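Using the sequences provided together with the hints, build the complete structure.
Protein chains in written order, with our numbering: chain Z, 1 to 342; chain Y, 1 to 314; chain S, 1 to 297.
If you're looking for bench data, these hints aren't it; they were derived computationally from the structure.
Since this is a predicted model, take the numbers as computed values, not measurements.
Virtual Cβ for every residue (Gly too), placed ideally from N, Cα, C.
Just so you know, not all the hints are guaranteed correct.
[Claimed, not checked] Where chain S lies over chain Z, by a calculated footprint (3+ residues, C-beta under 8 Å):
(1) 108-119
(2) 153-162
[As the list claims (entries may be wrong)] Below, a sample of chain S positions facing chain Z; criterion: calculated Cβ distance under 8 Å:
(3) Val19
(4) Ser199
(5) Ala201
(6) Leu204
(7) Asn214
So you can see what is in the structure, the chains are spelled out below.
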Amino acid sequence: MNDMTANTATPGGTPKLSVRELSKRFHVSGGGLMGGEARYVHAVSDVNFNLDKGTTIGIVGESGCGKSTTARLIMHLINPDSGKISLDGDPVGADPASLKKFRRDVQMVFQDSSASLNPRLTIEQSIMFGATIHGTPKAEARKRSHYLLNRVGLDPARFAGRYPHELSGGQRQRVNIARALAVQPKVVIFDEAVSALDKSVEAQVLNLLNELREEFELSYIFISHDLHVVRYISDTVMVMYLGQVVEYGPVEDVYNTPQHPYTKALLSSMLSVDPDDRTDAAPIQGDPPSPLDLPSGCCFSPRCSHVADICRSLSPRITGTRTRQVACHLVDPAAGHPECAT
Amino acid sequence: MLQYIVKRLIYAVPVALAVSVICFSLVQIAPGDPLAVVLPADASQEIIDQTKARYGLDKPLVTQYFLWLGNALTGDFGISIATGRSVSAEIASAIGYSLGLAIFATLIALVVGLTFGLVAGYNIGKPIDKIASAVAISGVSVPSYWLGVVLVVIFSVHLGWLPAMGAGINEDAGLSERLSFMVLPSIALAAMPAGIVTRSVRALVADVLTKEFVNALRAKGLSEFQIFIHVTRNAAPTALTVIGVQLGYLMAGSILVETVFSWPGTGLLLNNAILTRDIPVLQGTTLVLALVFVLLNLVVDITQPLLDPRIKRT
Amino acid sequence: MTMISETQNKVQPEAQVHVSRGYWQTVWRNLRRDPVAAVCMIVLALIFAGAIFAPLLTRYDPAVGSIVSRLKPVGTEGHILGTDEQGRDMLTRLLYGGRMSLLMGTVPVLLALVIGGSLGTIAGYFGGRLNTVIMRAADVLFAFPSVLLAVAIAGALGAGVGNALVALTIVLIPPLLRVTESAATQVRALDYVEAAQASGAGSLTIIRVHVLGNMLGPVLVYSTSLLSVAIIMAAGLSFIGLGAKPPTAEWGLMLNTLRTAIYSQPLVTILPGLFIFLVSLSFNLLSDGLRSAMDVS
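Put into structure tokens, the structure is as follows:
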């Protein structure tokens, strides 16, 4: 299994996980019995990406940009308003059976290592739970849980019978990883899974994740606000702003030659020891606008230092090649109407 | 704020209607023919039908309900089977006594509860807190009807200080004599709310004292007394809210205590209605007391954010 | 970081696995170490045992008295706690009375826990419109003060233990519904429930494995304090002539019939109520003790 390269997408091959036009808005107020205009938050709009076998896609952006909602939509923990998700070519969500199978194939690790473990179950019971749901006999599930504990670096003799509150944050997150792997998934979603850990522990866990990806031929969706971590672990990166994808591409391409002003600004805020690494983009001004009251046109326009007239009136579509895309009028005049191009 | 009040008022209407439905159904769940008490046992079918028509009992249940509701809204709850007086007259002559008793008991509960709660909350963990807390939980746990009997044993039987029963309603009774009849039932009734107020205020004071701003006040050089005033002002809305709800419970919950002391309020009226199976009185009294309770809760809900600006209601 | 290679992955024998003390074992240990709670549990155990084993503890019949030995004071030879207005042995009546009073106080709480608890868990876990419907229905019953509703229902149905049980159960459902609903709503929002959903578990499995166990704490604390309320209300119904009927021994009913003896034998008169108070107080203190015993990480 050493054929892993940054982009394993073979032309014509079916990507492992395909997400198409995924959108969700939340009803906020009004429109009910009390009258008033119905108000919505557009949490996620029109997210598209492919995830190939053995690769990692990183999703970055400020808090509230829709990263976590995207993860929950993929898992169907929240029902999407629209969008198609398929795994190995099989569409998901049409019937309960396909959803159950999907939820075995795709697992999730959450940020809060403590809240994501049932305090009344032992470590072993927590890890076994998912497998027994899918019909694995108890004894086998226990054996596997001990194997996985070993694999994530926790001695089963010492940890299997303990309760979550007896473990450190890093140890709990290892348990959560073992729990996710217990059902033998194909894809694992990490939602800020290392963000709460100390830097040294974080590095250990990231190394572990890389090893596990290779050993179990996994694909990762790695959500983080930490740009360093995403660069370290991802093959592809997707930058989100206010629920929309603004830039997408191979991680080194995006980090070295960012095209969207938001990506540039985001990367410039990243501390770097290497002076050559620094971008010359202006830092982001102000706070993101309220998702309740999105600006007309490009939603980054109020904070963008290169804003043009068209940006304020027309929302740019994401354009580019299959592997490299950006949503900005200034980068690709075709993003808007051709006749509006400057 | 105004929107909250309007919303709360509108919400009270379906609740009040549902309460009336439950009160109406009390007659439906009562075993036996409601006409049995009105008609002689050998009444002919014709007379039975006539009487049914007169009371509207020949109509469908829903129609019966709206007829009953319409009458109730105009203050007509029917005729007491036991006394032959109108139910509304029976309630009118009794409700004042219950209200008086409930208010008196509420005042006792407020004074005792605030005092004990402040003392305990200020001395968390110390012996005096333990004593106050023990008294409070005893107050919450004591059956009011038994406490009434115990009070009578001590203050009427042994000491002979206070009257054991009745309301002292003879013509020439002075105010102090009338009040003396009220003391024991009020105390019996006040025990539980006093315990509840003590426990709420104690928890609140203990919580306020751990807050940053108290340290800030101390740092600013305020005296302990000034801080005490501050803490009290923070605790007062909670105490008032608890007490407002308790007043409603006392109005309706005094049935047992009124029975012990033969206090001529709605509780005794209910008790007599139960003994004589006087369903119209049972129904009417229950409706009035429940509506008073709904109203008091409404008042508490609306005044609470006015008293305590920290509570934001939407 | 120590990485364990594949060859070392042979799982150790089960016997060597360290097993920590579980949450409920810890709570139980804390509770036993709390002197007040321990005393309450002993008092309750004694009163319940006295009621259950009443026939073994006394040679008198609770329903049969003798006219010559009416209203004997406490401490009379042969009648250690005196006799009542019909010459029946008070100790015997108190032991047998415990059977009825404890039954009438505990059964409605258990029934209401099953009914209200199920509805509350469903409302809390599934949320949405189902929640609104269930909780609004509970609000209506909440619009009545509990004592009034119990008296009105029992009063309309007529005297009798069965009717009193029905009335008390109806009255106790809404508060338990609220407590379980809020507990279920809280647990439901936690990541481990979401994680369980993400592993493809069905709602019933998630409720059974992940929700119920984590709701149990607050619900248990509340139910224990509700037992105190129910004991007082149940005896209260018998006290005003609803519930148990003479000559049944029941604490509330005994208190009522003994009131005529308040001047001649005040001490005997207050005995039945003292037992109601003791049981009620013990449950309340136990509820407090349970709450602090659960205050563990």
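Which hint numbers doesn't this structure obey? Per hint list: single violation, 6.
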